[in-house]
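Peer 1: Below, each chain spelled out in residue letters.
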Amino acid sequence: AQSVAQPEDQVNVAEGNPLTVKCTYSVSGNPYLFWYVQYPNRGLQFLLKYITGDNLVKGSYGFEAEFNKSQTSFHLKKPSALVSDSALYFCAVRAGRSNDYKLSFGAGTTVTVRA
Amino acid sequence: EAGVAQSPRYKIIEKRQSVAFWCNPISGHATLYWYQQILGQGPKLLIQFQNNGVVDDSQLPKDRFSAERLKGVDSTLKIQPAKLEDSAVYLCASSLRSWIAGGYSTDTQYFGPGTRLTVL
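If you read the protein sequences in the order shown, they are chains H and U. All the letters of the first sequence, read from the start, carry residue numbers 1 to 115 under this note's numbering. All the letters of the second sequence, read from the start, carry residue numbers 1001 to 1120 under this note's numbering.
So that you can see chain U by itself, here it is in the shape it has in the complex (with noise of 0.2 Å):
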């Protein structure tokens, strides 16, 4: 089974510049969710998706950040304009559902290899 993708796996830009990354989930996966993980730091949620529509974005800075699942597969990431401590590790993964009767599902999320971002 093949894993999550993202690309590109490294990014430098310079500070207000954009930028976007690319994530695939697991075939199948119905939700979907993008993490900020900095230097020493646990990932941090910015933003969940259950097929092409929003769960949880509030963490997600929208002034600057912005995140779409058109079609409830392929996801987009996009920072623009980009700050200096926006520079951290951007992760992808998904899961098999975000809730199932009853409460919201115990399903293991799996991550892709990230997306490290480096803001000059």
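Chain H with its partners taken away, still in its complex shape (with noise of 0.2 Å):
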């Protein structure tokens, strides 16, 4: 069974530094990644998205995320954080060229960044 791990449920950083969202993941075989946000009252928007290729993926709104295979990590950053960024972040696994195609979400982690 496929399962992910947010072990943080909160995030606090100031405007301006380094943010970072940890996720880690236990699947058979090779995983596809994804990490979504959700603001309230919203629904889930994709932010991006590892599939195969290289380690460090870049997304939306200035986000990048890299993949770790040795530590089974999925860790989202953006270098300079804004007040915006405030939101739920969601991090997701499936079984990579499976027939187990259901996406598991881990539990969340909120973000935020005060000005």
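Honestly, the hints are just simulated from the structure, not real lab data. Computed from a predicted model, the values in this text were never measured in an experiment. Note that CB positions come from ideal geometry on N, CA and C, so glycine has one too. A couple of the hints might just be wrong.
With a straight-line Cα cutoff of 27 Å, these simulated DSSO-like cross-link-like pairs (lysine-lysine) come out [to be verified]: (1) U/1044 x H/69; (2) U/1078 x H/102; (3) U/1062 x U/1083; (4) H/49 x U/1044; (5) H/102 x U/1044; (6) H/102 x U/1083; (7) H/102 x U/1071; (8) H/22 x U/1044; (9) H/58 x H/69; (10) H/102 x U/1062; (11) U/1044 x H/77; (12) U/1015 x U/1078.
Pair by pair, the computed Cβ-Cβ distance ranges are [as the list claims (entries may be wrong)]: (13) H/8 x U/1039: 12 to 22 Å; (14) U/1028 x H/17: 38 to 48 Å; (15) H/15 x U/1068: 45 to 55 Å; (16) U/1008 x H/110: 37 to 47 Å; (17) U/1062 x H/17: 22 to 32 Å; (18) H/69 x U/1015: 41 to 51 Å.
Need the complex rebuilt from these two chains, each delivered in its own frame; the hints are there to steer you.
Peer 2: This is the structure:
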């Protein structure tokens, strides 16, 4: 069975500082990994995904994530956080090239960026 | 490009009543998903459609939940009768395809705004 862990319920950073949201996963075979962001009373918005290739993936709004196979991690990063980045972030995984195509989500990490 | 549309946005009902949610996916997207997101948790897949056929409904509580996508476009999710534990946000998502030659596709799922259901 596949699963995602987001070890931090909350991350607080000052505006202009680097932002990191952690994600580790467990899956059989090669993973497909995704990050979504959810603003209050809104649906999930896609940020980026890793399927194959370069371990550093760049996405929307200046976010990037690094796939680390040995540590089974896919941490989301932003070099300089904005107040508008305050939201709920979800990491998700599915098993690549298999019949288990369901997307499994973590419990989410609430990011607060203070001015 | 218009996104995934859902209605209603909010619904409050008494337990044992029935409720229905509607979803219109992104134009041209063959695959449609319904998720349940309980407060403090990530979304959990309830059912997945490819066109008007069910791909996976293994996590759908079929004694009370039903879903259909009759013409391969819009979809309706129904709960009858509702229980207190059904209080959640119901998210609809769509993607271009479920599978391609050689395996399941990696197409991104795009989500609607959700319907927040409160069962009293």
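Peer 1: Would you mind marking each hint as holding or not holding in the structure?
Peer 2: Hints versus structure:
| no. | hint | verdict |
| --- | --- | --- |
| 1 | U/1044 x H/69 | holds (25 Å) |
| 2 | U/1078 x H/102 | holds (22 Å) |
| 3 | U/1062 x U/1083 | holds (14 Å) |
| 4 | H/49 x U/1044 | holds (19 Å) |
| 5 | H/102 x U/1044 | holds (9 Å) |
| 6 | H/102 x U/1083 | holds (26 Å) |
| 7 | H/102 x U/1071 | holds (24 Å) |
| 8 | H/22 x U/1044 | holds (20 Å) |
| 9 | H/58 x H/69 | holds (17 Å) |
| 10 | H/102 x U/1062 | holds (18 Å) |
| 11 | U/1044 x H/77 | holds (25 Å) |
| 12 | U/1015 x U/1078 | holds (14 Å) |
| 13 | H/8 x U/1039: 12 to 22 Å | holds (18 Å) |
| 14 | U/1028 x H/17: 38 to 48 Å | holds (41 Å) |
| 15 | H/15 x U/1068: 45 to 55 Å | holds (47 Å) |
| 16 | U/1008 x H/110: 37 to 47 Å | violated (26 Å) |
| 17 | U/1062 x H/17: 22 to 32 Å | violated (48 Å) |
| 18 | H/69 x U/1015: 41 to 51 Å | holds (47 Å) |
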